[in-house]
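The whole structure should be built from the sequences, with the hints applied where relevant.
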Amino acid sequence: MKDNRRRVAFTLIELLVVVSIIALLISILLPSLREAREQAKLVKCGAGLQQIGLALQLCVTEHGAYPTWDDSAPLPGQHRVVATWLDVLFAMKYTQNINVGYCPSDKKPDPQAYFRAHAWDFNYPTRFGGGRGFDHSYGISIPMSGLGWKVQGPRLSRDKYPSSRVLVGEGWWTMLFGFGGNQIIGQGYNTPDWCNNGVGWRHGKKSSPIAQFGFCDGSVRRVRMNINDRFPLHANWVRGVNTANQFFWRPNEHTMIGSGSVGNGVNNLTNDEQAYPGLAANTPPTYPVMGEFNSASTAAQEIQKMQSIGLPYELSPRWRTLAKKWPSDYYGPQGLKGWDRP
Numbered sequence: 018m019k020d021n022r023r024r025v026a027f028t029l030i031e032l033l034v035v036v037s038i039i040a041l042l043i044s045i046l047l048p049s050l051r052e053a054r055e056q057a058k059l060v061k062c063g064a065g066l067q068q069i070g071l072a073l074q075l076c077v078t079e080h081g082a083y084p085t086w087d088d089s090a091p092l093p094g095q096h097r098v099v100a101t102w103l104d105v106l107f108a109m110k111y112t113q114n115i116n117v118g119y120c121p122s123d124k125k126p127d128p129q130a131y132f133r134a135h136a137w138d139f140n141y142p143t144r145f146g147g148g149r150g151f152d153h154s155y156g157i158s159i160p161m162s163g164l165g166w167k168v169q170g171p172r173l174s175r176d177k178y179p180s181s182r183v184l185v186g187e188g189w190w191t192m193l194f195g196f197g198g199n200q201i202i203g204q205g206y207n208t209p210d211w212c213n214n215g216v217g218w219r220h221g222k223k224s225s226p227i228a229q230f231g232f233c234d235g236s237v238r239r240v241r242m243n244i245n246d247r248f249p250l251h252a253n254w255v256r257g258v259n260t261a262n263q264f265f266w267r268p269n270e271h272t273m274i275g276s277g278s279v280g281n282g283v284n285n286l287t288n289d290e291q292a293y294p295g296l297a298a299n300t301p302p303t304y305p306v307m308g309e310f311n312s313a314s315t316a317a318q319e320i321q322k323m324q325s326i327g328l329p330y331e332l333s334p335r336w337r338t339l340a341k342k343w344p345s346d347y348y349g350p351q352g353l354k355g356w357d358r359p
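Just so we're aligned: the sequence shown equals residues 18 to 359 in this note's numbering.
Because the hints were derived from the structure by calculation, they are not lab data.
All values derive from a computational prediction rather than experimental measurement.
For glycine and all other residues, C-beta sits at the position ideal for the given N, C-alpha and C.
If a hint is listed, it holds; no wrong ones were tucked in.
Have a look at the derived ranges for each label pair, beta carbon to beta carbon: (1) PRO179 - GLN204: 28 to 36 angstroms; (2) TRP137 - ALA261: 29 to 37 angstroms; (3) HIS135 - GLY282: 24 to 32 angstroms.
Next comes the structure, spelled out in structure tokens:
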């Protein structure tokens with residue numbers, strides 16, 4: 018008997034139509050999926066910053082000061098892997114989870130952090146594959162680090178503007194001076210000066226990157242950088258951020274403030290490059306940085322230096338490194354730092 022049933026099959030044209038529809042759906046959905054992933058990373062990063070901010074508040078409540086920024090890796094057995102203020106918080110049990118120190122968008126190393134680390138000869142821990150970079154994804158505000166707000170001259174009060182003054186933020190280095198962002202437009206980490214490119218602008222779009230910051234009142238906020246916004250007197254520098262209600266030192270500060278030669282040249286200017294009210298035009302004030310902590314070569318010298326400025330030596334990463342006062346799991350090839358065991 019003849020089978021009259023027709024064989025079902027797709028023609029080439031029908032297949033091409035189906036493939037085209039699938040490709041169109043993918044092109045529509047992929048940006049939304051990427052945006053969702055990025056949003057999830059932002060939320061996780063912000064949650065980590067909140068935990069870090071709480072740990073810093075516990076520290077300053079108990080000791081009257083915040084940790085100093087890093088130890089500069091003074092010992093050969095460190096393999097140029099630095100210990101930072103975040104390690105101090107972990108060692109003193111103000112945080113139980115050292116992994117809050119890593120933003121999920123940190124590429125370990127961030128390309129921008131790599132250039133500075135390569136120039137300064139610093140490495141990532143071996144558990145991240147080693148290579149040039151700095152451990153952790155966040156930097157502490159220099160005016161807050163140690164007892165920065167007590168430096169003579171800068172007119173800084175720690176308790177003033179708590180919801181506007183940055184305490185900690187995403188960083189391409191262990192310390193943050195201001196919002197400067199020339200590095201994100203292809204200029205060097207030291208353009209115009211080494212202290213002007215510390216913020217880690219990891220999120221958002223290339224034309225308007227985002228970084229997150231923890232403020233002295235415990236809040237966490239996102240700050241967006243407009244890379245096309247330039248200074249009126251320095252057209253090659255990115256201004257990018259309105260500092261009227263978010264700042265490191267004082268309201269409406271110049272985003273290139275700092276302790277280097279360039280920073281010292283603009284510390285008396287507003288973000289519009291006008292003379293800062295109440296300051297002499299030709300006498301830029303001292304940036305509030307609490308001394309040079311990383312000059313001691315022994316633990317005793319570091320204790321003496323810290324005590325001379327009224328700062329608890331336990332808050333110094335340099336002292337902890339020289340005195341070998343870090344947790345035992347920092348040492349060994351698989352340790353958190355990968356340092357040689359004492």
